[in-house]
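A.B. asks: The lines below spell out each chain.
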Amino acid sequence: MAKVRRTKASPKRKAAKKSHSTSKKTTGKRKKADKSTAKKSAEKAPRVSKETEPKLETVAEGIVEETREEASPLGSTAEDMAKRQREISVAEFFMKNRHLLGFDNPRKALLTTIKEGVDNALDACEEAGILPEVRIAIASGADENRFRVTIEDNGPGILKSQIPKIFAKLLYGSKFHRLKMSRGQQGIGISAAGMYGQLTTGKPIVITSRTARSQPAHYYELEIDAKKNEPRILVDRTVDWQAPRGTKVEIELEAKFQKGRQSVEEYLEQTSIANPHVTLALVTPDNETTVYNRASKQVPDHTREIKPHPYGVELGVLIKMLHDTKARTLQSFLHTDFSRVSSRVAKEICDKAKVSERSRPSRVARQEADNLFKAINQTKIMNPPTDCLSPIGEELIVAGLKKQIEAAFFTAVTRPPAVYRGNPFQIEAALAYGGSVPGDGLARVLRYANRVPLLYQQSACAITRSVLSTAWRNYALQQSAGALPTGPLVILVHMASVWVPFTSESKEAIAHYPEIIKEVRLALQECGRRLAVFVRRRRKAAESERKMAYIHKYIPHVAIALREMLGLSQHQESAMVKQLTDVLERSRA
Amino acid sequence: MSRIANQIRETAAAVRSKIQRKGKPTLTFPLRSLANVKYQPKKGFLELKGKKKTRTLTVATVKTFAQTLRMMSQAKTLVEDDEIMTKREAYYVSKNWDEARFDEQPESDTVIDDIEALFQVNREQLGFIPEEKGGEIAGKLVVIDRDSETGKELRIDCTKFGSGAYSIPISVEHLKFETKAKFVLAIETAGMFQRLVKHGYWRTANCILVSMGGVPTRACRRFIRRLADELKLPVYAFVDCDPYGMFNIYRTLKVGSGNAAHINRYFCVPNAKFLGVTPQDIVDYKLPTHPLKDVDIKRAKDALKNDPFVQHYKPWQDAIQQLLDMGVRAEQQAFAVHDLNYVIHHYLPEKLAVSKTFLP
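Which chain is which? The protein sequence lines are Y and E, in order.
According to the numbering used here, the first sequence is numbered sequentially starting from 1.
According to the numbering used here, the second sequence is numbered sequentially starting from 1.
Keep in mind that the hints are not guaranteed to be accurate.
[What the hints assert, rightly or not] Lysine to aspartate or glutamate pairs mimicking EDC-like chemistry, simulated, CA-CA at most 20 angstroms apart: (1) Y:Lys553 - E:Glu99; (2) E:Lys63 - Y:Glu543; (3) E:Lys22 - Y:Asp582; (4) E:Lys18 - Y:Asp582; (5) Y:Lys160 - Y:Glu230; (6) E:Lys18 - Y:Glu543; (7) E:Lys22 - Y:Glu230; (8) E:Lys18 - Y:Glu545; (9) E:Lys24 - Y:Asp582; (10) Y:Lys553 - E:Asp98; (11) Y:Lys374 - Y:Asp387; (12) E:Lys63 - Y:Glu573; (13) E:Lys24 - Y:Glu573; (14) E:Lys24 - Y:Glu585; (15) Y:Lys547 - E:Asp98; (16) Y:Lys578 - E:Glu99; (17) E:Lys63 - Y:Glu357; (18) E:Lys22 - Y:Glu543; (19) Y:Lys547 - E:Glu99; (20) E:Lys87 - E:Glu107.
[To be verified] Stretches of chain E that chain Y covers, calculated by requiring three or more beta carbons in the stretch to come under 8 angstroms of a beta carbon on chain Y: (21) 84-95; (22) 339-350.
In short, the hints are calculated from the structure, not lab data.
We put the CB at the ideal spot given by N, CA and C, even for glycine.
Chain Y on its own, in the form it takes in the complex (with noise of 0.2 angstroms):
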């Protein structure tokens, strides 16, 4: 979503820096700032520090459009408007807005902290192909409000220089400007929370990481500099650790912890399902611990980067692209930074476009970037690439309901990758039936989007709208009209993507694009057959074993009747008991 915002950005940034000039200088001279120390500090991704400054930019802009509607009724000259107009920390735009980023009240702020800790270790752990075992746990803090969350994983560790930005810097991360699958998207995750303790209770961010045996364990307590979005070292030193290999994250924040729906419980477990090859370990604040053990020792596989395919590329990217690429001409340009152009459809493009292939793109940016955007969207340009996509897998699935859920029957679907909007896609499905499922109310529904469960939000996701308009009575199911099946019934749909279209930044629910609908009612509808197959055969085998019951109750007096009207003997009484039960029982075969 970010991205989305940051695309939107550019085009407004032109028009602001037409027509407030105050504003431009503001924002002008913090960019530079921004970028010495950005140069100073981030060796290795000298593009990140470049890249957050839109997004800051149009939040100071934001702001000052709002002051400016409301002193115009005051008849306010540009004077005094100036005045009023001044930087926004980053700070008070996050308090503003922390639910944006799922932090809106006390509990759902713990569940966050907790879901972007235990996100980041495990695509850590992932991407550097290790188990992921995390441990999580919630200490009562100072007062009744208050909580020590501390997350602990056996991941890779981070490098010393790397970690006051990746934990006290806003909007700093791997995950961004890459189109890759992981549960990560937007850099903003760990530091926000980091930020939400700071401001909750003004206690620094700790955090223990270490990259091998062989290398210290280095300590940290941050604090985020509110106003640059810069992380303040407090203590910095080496410890002894125990731990070989890994990271410890603590933050204090003002929280509250509750069991049931939408609980730090309930994400652990869905996690551990969706993820079967984690262990999860859970102390709680009354100092009970729970751990959800793994079950499989498969590694996810790695996924793989991609370009954006032209097709999910809006038009203010384009121009982006345009000037930030290396290529000399359009037709390279095309070809090299995106998925899927060959030299030929490049050409083509460029045809349908009336600009030559061999424009320098700098130039197009500014002219006729426009045409360029029809022309791509009327070519036919082949689908991008799906092995970017590690899906969970059929048997994985299953094993991960097996573990968490006791029930009868399961069954899980995993869909050929698909795409929407230029952005390559997989659906998974999976369902658990009978057991010890509660029966007597509506299906449970546990969504997933990059193996990261979906709790808030359910009726505006794009996976309960396809769960609802599937036709559940076809599968031996009771559904009322709009609503959620009823019975035994644990529904799971896993979206697999380089780009999981949120709602919003807080990650809750998946757009309702046709393609992704489409695609999760496919693989429902497919679960659901063959949940009606066992389901049918479970319940003739009922019935038929009801028949035998039946059967088998009132052939004796069949027997009986007729020994007292021929004068049986006992023994023959039941030779006819036997000879009847294999007759009827031989009709039924």
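Based on the hints, put chain E in the right spot on chain Y.
C.D. replies: Okay, now just chain E, sitting in the frame of chain Y:
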């Protein structure tokens, strides 16, 4: 009696041998409904047309099948021991049968009716007796019964009951009769019967009075039938002028019912005639009336359409049509409008004088 016991035995043996031949045993019953009867004018009663239903022992029917056989066994015991059992008692006896017991009496009644039809006998011959009362007799008749202890002959004079009456027993086959009466008058209501008894109508008209009390029971029909057959007495029916009196009471008395068609031959009085009250009587005697109810109209139209008896007799069709056209009904007691004993002094004598014109 042992003839029936043998029949039961044979049926049971057939079921057994089928089982021994590894086949599914069957029981075949005549279909008991008005759709499976036809009127036999020569014989004078409704007779089965011969549609049968076969009950095969399958998973679905095993319960009923077992119950039928156990009830047959019960009947055999009753017959052999010369014992009787009411339908209600049969229902209670079945409570010994564990899973095969009946939950409600209608279920056991149906099974008893099935067995009755299976052997083409009446349930009394199987030892099952109804709870219902048989009807009452007053007038010039001597019933010869036996004392149940000594077995000695008992002579019951039906003129000696004063203001009371002789009650028809449930089984009438063993009775003998003596009479000098001229005819039998079968009356629908106990009230009218009481009036005629009180004023000694049987003496003045030299007849036997029977109170049927609604639709006559099997015993009552059988009793009248024997009077008609053995004493060669004409039988006249005196009922309300409405479709119920005509087709439920009178028709059942004369030709039997659809449900018990397999035994109608014994339980009907083919020579019975309809004295009244006829639709024409309503006009002739200026009787006060009530409008026909919906259920009356339905019953009348149903009789015109489906009743094999009505379809055979044009005069009945005309009478029903007349009643429907008038749209009214009248009760036996309606004659009280003229005088309490008008029926004794005027109506009955006048009608009996023209007995040739009675509806068939």
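A.B. asks: Give a verdict on every hint.
C.D. replies: Hint check results:
Distance hint between Lys553 (chain Y) and Glu99 (chain E) is fulfilled; the C-alpha atoms sit about 7 angstroms from each other, no more than 20 angstroms. The hinted pair formed by Lys63 (chain E) and Glu543 (chain Y) meets the criterion: a straight-line CA distance of about 16 angstroms does not exceed 20 angstroms. With a CA separation close to 8 angstroms, the supplied pair Lys22 (chain E) and Asp582 (chain Y) stays within the 20 angstroms bound. Only pairs whose Cα atoms come within 20 angstroms are accepted, and Lys18 (chain E) paired with Asp582 (chain Y) is accepted, the gap being roughly 13 angstroms.
For the hint pairing Lys160 (chain Y) with Glu230 (chain Y), the CA-to-CA distance comes to about 16 angstroms; that is within 20 angstroms, so the pair holds. As the CA atoms of Lys18 (chain E) and Glu543 (chain Y) are separated by approximately 27 angstroms, the hinted pair breaks the 20 angstroms bound. At roughly 92 angstroms between alpha-carbon atoms, Lys22 (chain E) and Glu230 (chain Y) are farther apart than 20 angstroms, so this suggested pair is violated. Restraint check for Lys18 (chain E) and Glu545 (chain Y): the C-alpha separation of about 26 angstroms exceeds 20 angstroms, so the hint is violated.
Between Lys24 (chain E) and Asp582 (chain Y) the alpha-carbon distance is near 10 angstroms, which keeps this suggested pair within the 20 angstroms criterion. The straight-line distance between the Cα atoms of Lys553 (chain Y) and Asp98 (chain E) is roughly 9 angstroms, inside the 20 angstroms bound, and the hint therefore holds. With a C-alpha separation of about 28 angstroms, the suggested pairing of Lys374 (chain Y) with Asp387 (chain Y) is violated against the 20 angstroms cut-off. This hinted pair checks out: Lys63 (chain E) and Glu573 (chain Y) have alpha carbons roughly 18 angstroms apart, not beyond 20 angstroms.
Taking the CA atoms of Lys24 (chain E) and Glu573 (chain Y), the gap is near 17 angstroms; set against the 20 angstroms cutoff, the hint holds. For the given pair, Lys24 (chain E) sits about 11 angstroms from Glu585 (chain Y) by alpha-carbon distance, which is consistent with the 20 angstroms threshold. Pair hint Lys547 (chain Y) plus Asp98 (chain E) holds up; C-alpha atoms about 18 angstroms apart against a cutoff of 20 angstroms. Restraint check for Lys578 (chain Y) and Glu99 (chain E): the C-alpha separation of about 19 angstroms stays at or below 20 angstroms, so the hint holds.
Proposed proximity of Lys63 (chain E) and Glu357 (chain Y) is contradicted: the alpha carbons are some 88 angstroms apart, above 20 angstroms. Restraint check for Lys22 (chain E) and Glu543 (chain Y): not satisfied, since their Cα atoms lie roughly 24 angstroms apart, outside the 20 angstroms limit. Restraint check: the Cα-Cα separation between Lys547 (chain Y) and Glu99 (chain E) comes to about 14 angstroms, which is no more than 20 angstroms; the hinted pair holds. Restraint check: the Cα-Cα separation between Lys87 (chain E) and Glu107 (chain E) comes to about 11 angstroms, which is no more than 20 angstroms; the hinted pair holds.
Evaluation of the coverage hint for the region 84-95 of chain E: breached, as 0 residues show C-beta separations to chain Y shorter than 8 angstroms, against a requirement of three. Look at the region 339-350 of chain E against chain Y: 0 of its residues bring a Cβ nearer than 8 angstroms to a Cβ of that chain, fewer than three, so the hint is violated.
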